[in-house]
Amino acid sequence: MSMTHADRQSRTWWQRNQQTLTPWLFLAPGLLMFAVYVVWPIFSSFQLSFYDYDGLSTKEYIGTANYSELWGDRAFKTSLYNNVIWLVLYMLAVPLGLMIAIFLNQTVRGIRIYKSLFFFPFVISQVVVGLMFAWFYAPNFGLLYKVIEFFTGKGIAILASPTYATYGIIAAGLWPQIAYVMILYLTGLNNVSPDQVEAARLDGAKGFKMLWYVILPQLRPATFIAVVVTVIGALRSFDLVSIMTNGGPFGSTRVLSYYMYEQALSEYGFRMGYGAAIAVVLFGIMMVFISGFVWKMIRDERGMS
Amino acid sequence: MLTTKRTAGVALAIALLSGTTALAETRTLSYYADYDPNPLAAMEALIAEFEAANPDIDVVLQNFDHEGYKTAIRNFLTTDAPDLANWYAGNRMAPFVDAGQFMDVTDAWDANGLNESLASAAASMTMDGKKWGIPYTYYQWGVYFNKDAYAAAGANVPANYDEFVANCELFKAAGIDCLTTGTSALWPGAGIFDYMNLRTNGYEFHNALTSGEIAWTDDRVRATFANWAKIVPYITADHAAIDWQDAAALMSQGKAANYVMGNFAVATFKDGGMTNDNLGFMAFPEIDASIPRAEEAPTDTIHIPAGAKNVEDAKTFLAFIASADAQTKLNAALGQLPINAGSTVGDDPYIQAGFELLSTTPGGIAQFFDRDAPAEMAKLGMEGFQEFMVLPENLDAILERLEAARERIYK
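Taken in order, these protein sequences are the chains called H and P. 31 is the number of the first residue of the first sequence in the numbering used here; add one for each residue after it. 6 is the number of the first residue of the second sequence in the numbering used here; add one for each residue after it.
Keep in mind the hints are simulated off the structure, nothing from the lab. Built from N, CA and C at the ideal position, the CB exists for glycine as well. Worth double-checking, as some hints may not be accurate.
Said to hold, decoys possible - Computed, partial: chain H to chain P, Cβ under 7 Å:
id : residue
1  : GLY85
2  : LEU86
3  : SER87
4  : PRO169
5  : PHE171
6  : ALA187
7  : ALA190
8  : PHE280
To be verified - Some chain H residues judged to face chain P by a derived CB distance under 7 Å, without partners named:
id : residue
9  : LEU189
10 : PRO279
11 : GLY281
12 : GLU297
13 : TYR298
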């Protein structure tokens, strides 16, 4: 008691504020990186989307002309429509991943090998997945083409058809995505409380009712993450489109991220402003989902505390 | 990059040490290019020759990957320009000329008599009445065909387009694709369009169309597509999903008879097992006898960036590369045609045929759709051509779309 006043005087500014400053010091590198590599580019894209700029000449301010052009751009509509198809069909990865996870969640001999085999597609690069599926669909020698030819007499080259090509690419994307969701659910299933399962069993629950009322509620955190990664995966579907079709045939498999790249950076592109406008639209769409997720996370945290 | 700086540093150090001794002073000439291995070796040999003749100039060549170069050039021209850079003729150089990134080299043309010796490519190097670079190579396009497939179907090499179309029935009966192509990368389709258009409407029309002076809904454009439509049913199905190399394989295997391609494809045909005996080449057949024959020959070029530091030596180098002897050597390695009228060509039959074809062209030499038209128009056009070959019934919608794009792009 007697020493406090003099003591407080002798403590340095650092010692007094240590508690408040330390978290910020630890956060500083991350915040700096985030500001420079994420926040600043976002704002600079917003700014660029109001300009006509080819990367060489001087920028020319054109107001919202890029956006009004987007409004009437057929390729943009195709990309947007394809993004919706991606979002909807990609969601299949969640139930399918759950199914495989439940199927693999048993203790038989060699289950680890089966699990790793099922997980394998997620480990290989998207580029490799794209190439493999492109060969699978290839006209004249592709396996799928041959099988269809065998049964119907006439093969279908999936990636040459404006009707099927997008679905063909999504199928290729689902393969690793299902594996990813599966691994999320497998870890979730490890944490399912055996007591509750036991209790439910005593009450006579089984089969689908057991899954729906007992298992799934306990898997909610896993489901949440699975949905988040699948939505993000669907929206940023770029590599497969680029590898498998380059957006073709005649632009029918474009998605927003690929169209943005085409306009801004590809060989026939270099319309930086227009590309930035597409990026802003894509950012807007992602924001809807991301704020939804963040809102849910905050609500859950509040609810718990 | 590192080598450039280091050599420059060494040059500076030597210059400082030697003081007023002019002899020891080497000036660096930096050159960015995108050669494949064989031409690169030939260019390095030429550079050695140039340095021997000009001991005070040190050429530092920085070679880039072919595809990566197309993006890299936009960065280095504005930030750290070399003294020389590779690019392409025609509208492909327009963005750089318009942005003031290339230097006017008309004086180098005038001083070295290049207006005569490089006459065949002069038009494609001229914008606003000035020359913007030196062409060093080009290659012909035309119809490559499989003689065995012709024999199997009992078809004769066609003398005009009507015979070509008539042959297609024979090929169909023999289960052979009359014309093959792989439009996964879009541009092979533009080759077919260009020839249809050059044969239907001629060279002047091609230029007017690619410079946006003619509506895509014009009746003459429709006439081009009407001629094209005659062979669309005989073109390899699923071409939209295959690369040009895969289509070349189809022709090598005898599953397809004809292929509208550039001379660079000869190597691919030969890799697929074809030889000089069964690989044929002909000019694209005549459609309208009243139209003077025009050909496509994309030209590769060297330019002096506006930010170049050593312009005088760069012009000396350009004059050297434009010379008949240098072009002969370089093109022997490239397997292509020299521009200089005094150069000689190798004894490869396809090179010989191309030389004959281009040097006797009365109508004019076009670059290629994606080099003559601005990038954005080229991309949309090539998508349209691909769509037309898959769904010819969409023609009206395609042309209206291209016309709307033309009105926007060339304003």
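Hint-by-hint comparison with the structure:
no.: 1; hint: GLY85; in the structure: holds, 5 Å
no.: 2; hint: LEU86; in the structure: holds, 4 Å
no.: 3; hint: SER87; in the structure: holds, 5 Å
no.: 4; hint: PRO169; in the structure: holds, 4 Å
no.: 5; hint: PHE171; in the structure: violated, 9 Å
no.: 6; hint: ALA187; in the structure: holds, 4 Å
no.: 7; hint: ALA190; in the structure: holds, 4 Å
no.: 8; hint: PHE280; in the structure: holds, 4 Å
no.: 9; hint: LEU189; in the structure: holds, 4 Å
no.: 10; hint: PRO279; in the structure: holds, 4 Å
no.: 11; hint: GLY281; in the structure: holds, 5 Å
no.: 12; hint: GLU297; in the structure: holds, 6 Å
no.: 13; hint: TYR298; in the structure: holds, 4 Å
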